[in-house]
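Trainee: Using numbering that gives the first Met the number 0, read the sequence shown as starting at 0 and increasing by one per residue.
For the record, the hints were derived by calculation from the structure and aren't laboratory data. Model, not experiment: these values are computed from the prediction. Careful: at least some of the hints might be erroneous.
Cut-off 30 angstroms, straight-line C-alpha distance, at most; resulting in silico cross-link-like pairs (DSSO-like, lysine-lysine) [as the list claims (entries may be wrong)]:
#	residue 1	residue 2
1	LYS107	LYS120
2	LYS101	LYS37
3	LYS139	LYS37
4	LYS139	LYS103
5	LYS37	LYS64
6	LYS59	LYS37
7	LYS128	LYS107
8	LYS101	LYS139
9	LYS139	LYS59
10	LYS103	LYS120
11	LYS120	LYS139
12	LYS103	LYS59
13	LYS120	LYS37
14	LYS128	LYS64
15	LYS59	LYS107
16	LYS37	LYS103
17	LYS107	LYS139
18	LYS64	LYS101
19	LYS128	LYS103
20	LYS107	LYS64
21	LYS107	LYS37
22	LYS128	LYS139
23	LYS103	LYS64
24	LYS128	LYS37
25	LYS120	LYS64
26	LYS101	LYS120
27	LYS59	LYS120
28	LYS101	LYS128
29	LYS59	LYS101
FRET-style restraints, in silico, Cβ to Cβ [stated by the list, open to error]:
#	residue 1	residue 2	range
30	GLN13	ASP140	30 to 36 angstroms
31	ARG50	LYS120	31 to 37 angstroms
32	ASN61	LEU143	22 to 28 angstroms
33	LYS101	GLU124	22 to 28 angstroms
34	ARG135	LYS37	18 to 24 angstroms
35	GLU117	ASP77	26 to 32 angstroms
36	LEU113	THR137	20 to 26 angstroms
The beta-carbon is built from N, C-alpha and C at its ideal position, and this holds for glycine as well.
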Amino acid sequence: MILSTHCYIERDDQILMMHRIKKKNDIHMNRWVGLGGKMNPGETPEQCIIREIYEESNLKANSVKLHGFITFPDFMGDNDWYMFLFSCDDFSGDVIENEEGKLKWISKSDINQLNMLEGDKIFMEWMNKYNFFTARFTYKDDDLIDYSLDTII
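Starting from the given sequences, assemble the full structure and let the hints guide the process.
Mentor: Take a look at the structure:
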């Protein structure tokens, strides 16, 4: 079981996205993703995502909003992943390059044109529609084979 966080940083009508092109053996290679990563022992989800945002972008998140909790059974043939999903529109600092990918502000209207996992596009829509949700996304290799929206608040 792997606990992780994921966040979409918002500025005006744009979202900060990372094009994962730098790390070898990256399950997200050549895909666009938000910021985030694995939780450290003893870390809360909020502490984790604030740390990950800073490590990956140099931005200091002043506050984050929790939108959901998503389960990915046997993700990419690996462990079950459990992800806390956040957004952030209150931050300071300037974006810098990182070791994992290229960061770029993308217009919200262009997000669906990016090379992303299909499930990411689905739960990004849910973030705008619901206050909070829980869900499950099942992949076989890169293909989304099943998903469910289990709780809506």
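Trainee: Each hint: holds or not?
Mentor: Hints, one by one, checked against the model:
A distance of roughly 11 angstroms separates the Cα atoms of LYS107 and LYS120; the hinted pair therefore holds under the 30 angstroms criterion. Our distance criterion of 30 angstroms between C-alpha atoms is met by LYS101 and LYS37, whose separation comes to about 19 angstroms. Pair hint LYS139 plus LYS37 holds up; C-alpha atoms about 21 angstroms apart against a cutoff of 30 angstroms. Straight-line distance between C-alpha atoms of LYS139 and LYS103 comes to about 29 angstroms, which keeps the hinted pair within the 30 angstroms bound.
Annotation: proposed proximity of LYS37 to LYS64 holds, straight-line Cα distance about 18 angstroms (limit 30 angstroms). The straight-line distance between the Cα atoms of LYS59 and LYS37 is roughly 18 angstroms, inside the 30 angstroms bound, and the hint therefore holds. A C-alpha spacing of about 15 angstroms is found between LYS128 and LYS107, which places the hinted pair at or below 30 angstroms, so the restraint holds. Distance check on the hinted pair: LYS101 and LYS139 sit about 27 angstroms apart at the alpha-carbon level, within 30 angstroms; holds.
This hinted pair does not check out: LYS139 and LYS59 have alpha carbons roughly 36 angstroms apart, beyond 30 angstroms. The hinted pair formed by LYS103 and LYS120 meets the criterion: a straight-line CA distance of about 17 angstroms does not exceed 30 angstroms. About 17 angstroms separates the Cα atoms of LYS120 and LYS139, which keeps this hinted pair within 30 angstroms; it holds. Between LYS103 and LYS59, the direct Cα distance comes to roughly 17 angstroms. Compliance with the 30 angstroms bound is thereby established for this hinted pair.
At most 30 angstroms may separate the alpha-carbon atoms for a hinted pair to count; LYS120 and LYS37 meet this at roughly 21 angstroms. Distance hint between LYS128 and LYS64 is fulfilled; the C-alpha atoms sit about 14 angstroms from each other, no more than 30 angstroms. Distance check on the hinted pair: LYS59 and LYS107 sit about 22 angstroms apart at the alpha-carbon level, within 30 angstroms; holds. Using a Cα cut-off of 30 angstroms, the hinted pair LYS37 and LYS103 holds, with the two alpha carbons roughly 22 angstroms apart.
Annotation: proposed proximity of LYS107 to LYS139 holds, straight-line Cα distance about 28 angstroms (limit 30 angstroms). At roughly 24 angstroms between alpha-carbon atoms, LYS64 and LYS101 fall within 30 angstroms of each other, so this suggested pair holds. Between LYS128 and LYS103 the CA atoms are separated by roughly 25 angstroms; this keeps the pair inside 30 angstroms, and the hint holds. Restraint check for LYS107 and LYS64: satisfied, since their Cα atoms lie roughly 18 angstroms apart, inside the 30 angstroms limit.
This hinted pair checks out: LYS107 and LYS37 have alpha carbons roughly 26 angstroms apart, not beyond 30 angstroms. Of the pairs offered as hints, the one joining LYS128 and LYS139 holds, with about 27 angstroms between alpha carbons and a cut-off of 30 angstroms not exceeded. Straight-line distance between C-alpha atoms of LYS103 and LYS64 comes to about 21 angstroms, which keeps the hinted pair within the 30 angstroms bound. Using a Cα cut-off of 30 angstroms, the hinted pair LYS128 and LYS37 holds, with the two alpha carbons roughly 26 angstroms apart.
For the given pair, LYS120 sits about 18 angstroms from LYS64 by alpha-carbon distance, which is consistent with the 30 angstroms threshold. The suggested pairing of LYS101 with LYS120 holds, with an alpha-carbon distance near 19 angstroms, which does not exceed 30 angstroms. Distance hint between LYS59 and LYS120 is fulfilled; the C-alpha atoms sit about 25 angstroms from each other, no more than 30 angstroms. Under the criterion of a C-alpha separation no larger than 30 angstroms, the hint pairing LYS101 with LYS128 is consistent with the structure, at around 29 angstroms.
Our distance criterion of 30 angstroms between C-alpha atoms is met by LYS59 and LYS101, whose separation comes to about 18 angstroms. With their beta carbons about 31 angstroms apart, GLN13 and ASP140 fall inside the hinted range of 30 to 36 angstroms. The supplied range of 31 to 37 angstroms is broken by ARG50 and LYS120, whose beta-carbon atoms lie about 26 angstroms from each other. About 34 angstroms separates the C-beta atoms of ASN61 and LEU143, a value inconsistent with the hinted range of 22 to 28 angstroms.
Under the hint 22 to 28 angstroms, the C-beta atoms of LYS101 and GLU124, about 25 angstroms apart, fit the expected range. Checked against the given bound of 18 to 24 angstroms, the beta carbons of ARG135 and LYS37, roughly 19 angstroms apart, stay inside it. Taking the beta carbon of each, GLU117 and ASP77 are about 18 angstroms apart, not inside 26 to 32 angstroms as hinted. Distance hint check: the CB atoms of LEU113 and THR137 are about 22 angstroms apart, consistent with the given range 20 to 26 angstroms.
The structure fails hints 9, 31, 32, 35 (numbered hints given earlier, in ascending order).
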